[in-house]
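*Asks:* Spelled out from the first residue to the last, the chains are:
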Amino acid sequence: MSLSFDRIKEKLNILADAAKYDVSCSSSGSVRKNNSKGLGDSSGMGICHSYTEDGRCVSLLKILLTNHCIFDCAYCVTRKSNDVQRAAFKIQEVVDLTINFYRRNYIEGLFLSSGIFKSPDYTMERLVAVAKKLRLEENFNGYIHLKSIPGASDELMREAGLYADRLSVNIEIPTISGLKLLAPDKKHEDFTKPMLKVKNEIIQYKSEKKIIKSTPKYAPAGQSTQMIVGATGESDKDIMYSATHYYKNYNMKRVYYSGYVPVAEDNRLPAIGTQVPMLRENRLYQTDWLLRFYGFGVQELLNNDHPNLDMDVDPKLGWALRNMQYFPVDINKADKSVLARVPGLGMKSVHKIINARKFRNLNWEHLQKIGVALNRAKYFIICDSNKWDHSDMEGTKVKGLILQNSVGKFRKEYSNQLQLFS
Amino acid sequence: MNATKTLIYDGSFNGFLTAIFVAFDEKSQIADIQKNSASQNGLFSEPETIFTQMDKAKRVWNGIHKKSHNAIKDIYFAFLSENKGIELVLYRYICKLFAANTSIASDYSDDIVLKTSQLARSVGREKHRMEAFVRFQLTKDEIYFANIEPDFDVLPLISKHFRSRYADQQWLIYDIKRKYGIFYDLNQVEVVSLDLDEIHTNSLNKSAHFGDEEYNYQDLWNNYFKSTNIKSRINLKLHKQHVPKRYWKYLSEKKVV
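Protein chains in written order, with the working numbering: chain A, 16 to 437; chain B, 1074 to 1330.
Don't read these hints as lab results, they were simulated from the structure.
Keep in mind that the hints are not guaranteed to be accurate.
[Claimed, not checked] Here are the computed distance ranges between Cβ atoms for each label pair:
no.	chain 1	residue 1	chain 2	residue 2	range
1	A	Ser19	B	Arg1236	30 to 36 angstroms
2	A	Ile218	B	Val1264	23 to 29 angstroms
3	B	Asp1224	A	Lys263	20 to 26 angstroms
4	B	Arg1251	A	Gly59	26 to 32 angstroms
[What the hints assert, rightly or not] Under the rule of at most 25 angstroms between Cα atoms (straight-line distance), these lysine-lysine pairs were calculated in the DSS-like manner:
no.	chain 1	residue 1	chain 2	residue 2
5	B	Lys1200	A	Lys35
6	B	Lys1200	A	Lys384
7	A	Lys35	B	Lys1213
8	B	Lys1188	A	Lys24
9	B	Lys1169	B	Lys1139
10	B	Lys1157	A	Lys24
11	A	Lys384	B	Lys1108
12	A	Lys373	B	Lys1140
13	B	Lys1304	A	Lys35
14	B	Lys1108	B	Lys1200
15	B	Lys1169	A	Lys384
16	B	Lys1328	A	Lys24
17	A	Lys35	B	Lys1139
Just so it is clear, CB atoms sit at the ideal spot from N, CA and C, and this is done for glycine as well.
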């Protein structure tokens, strides 16, 4: 290691820099017990070992195997026509880095992606070789996320799932027309074919495991994908309907949304220096959360009358303000699913309310102590207290009152954006 | 009427549970339960020194555990917060628990229960942070070594996590604040106390205890941390919220290179 340390350092800088636009950093959802006195143990809950200065979790060593690429996708920093330094790791180098970082408790595991050199299969084979070496030679039980290479063969996809905890292909552009525009060399099927393969293998291995206990695990943390937001002119509705499609038809564990960071001078794309749409990205994640954990249907939040999310209020509050007829809700009587739709109540608060109200009826003071965000919730609930003077209030009035009294983290940014268009 | 009592115990959790046993057994009026290192005489209460007895402690533990699994966890975690006066809060909690027919662990509109569960949560949060922010440095004796300085006494809570994760390497995590550590020798985890001649932070000065390779990996990690940041999305406020400044001196990625 010491001989080539400087070279490794250089490669790591180049290949970590190129991999950072992939937003997935999940290291949870896979149980891999360390029963053989090996290295690493995945208990199902991931750990963020650090956070970058932009505030994102650092849980995995996230690198490209190489940033050489035969493709020229306009949105990608690694595209063929981009004039950047190129590098490639040897298989053993990635293994050594992963093991040594893991031993020092820097990471939960490896996230390995790659530019495509020579051919999709040639590249995929190398990714699989890294994972295989970690599992079989190093007795490593940490988390491994492999990026599937669009166009890789079914046989390689099958093998990848035997060693990786998660597999993912990034759909990148949420609409087919957008993809055609920005990645003319790639076909929509190149992305969906490996996804379908993984989905089917997961189903098959799971059902075999029910009968034959020794059946190995196949991608136990499932698969995920990522979409770039704001590179083409798609609406929030386009994005979330597309996400819902992938959740439903490909059993995705997660869909990630990545605000487009301008990395290329290209007249098909927002100019370099354009602000990353972070607020929009945040709203999409909130919406995704409402769909997965709060029982909302996508058409309730986004539809032809309402194709884009509100920028000034979060999507749950926005929905509630458009549907005041469902409120107020009685905190001491309402079902869990009804409570989950109240602005200001997260699932943790809902859970606490349901537990605490078994002992006595809850009033404003109790709710405050439990940690409910009353500044928003108070307009939508009644509890064991007479103080209730918001009946029959219009949504617009409630919105005004809430905004007046809130210091949201995006408030400043939002007003900047307003100035842009005013 | 009995005089009120202040029970003095040795500061250990089992000592505390023994004190609880004594309080119930003697049906005393309890004015306070205090660590022997920090005890103060109350004007109107009689001090009684409690000697830790495992069988008594175990009976209390089992009694609480039988009542509620959540309660025993909250009590243990809240105890490790070392919060001033925590013993009396937990004593009241346990009285309530034994008086009630159902588990009160989720009665969040009760002040004692709420306080206990909030403290337990803070300790739980720091336990999780320590699992994240421990940074091992490989010594020349092949031991992965880490200093920590947590607000709460979380070493007992993280031992299992590190044992199952790092089963094939020797490691030592040392709490500078409480002057004890846990050491895994490839077979079991032991509690150790030792005199450290230097405190190993992320400083640029190289210590003779570690080899070049160790510093190379720290360097690589430090570099990785910088390369993976997206400058156009910088958000230092969020960064500091996730990685509180008090931990920085032990994080190799925060070393100024």
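*Asks:* Provide an ascending list of the numbers of those earlier hints which the structure does not satisfy.
*Replies:* 2, 3, 5, 7, 8, 10, 11, 17
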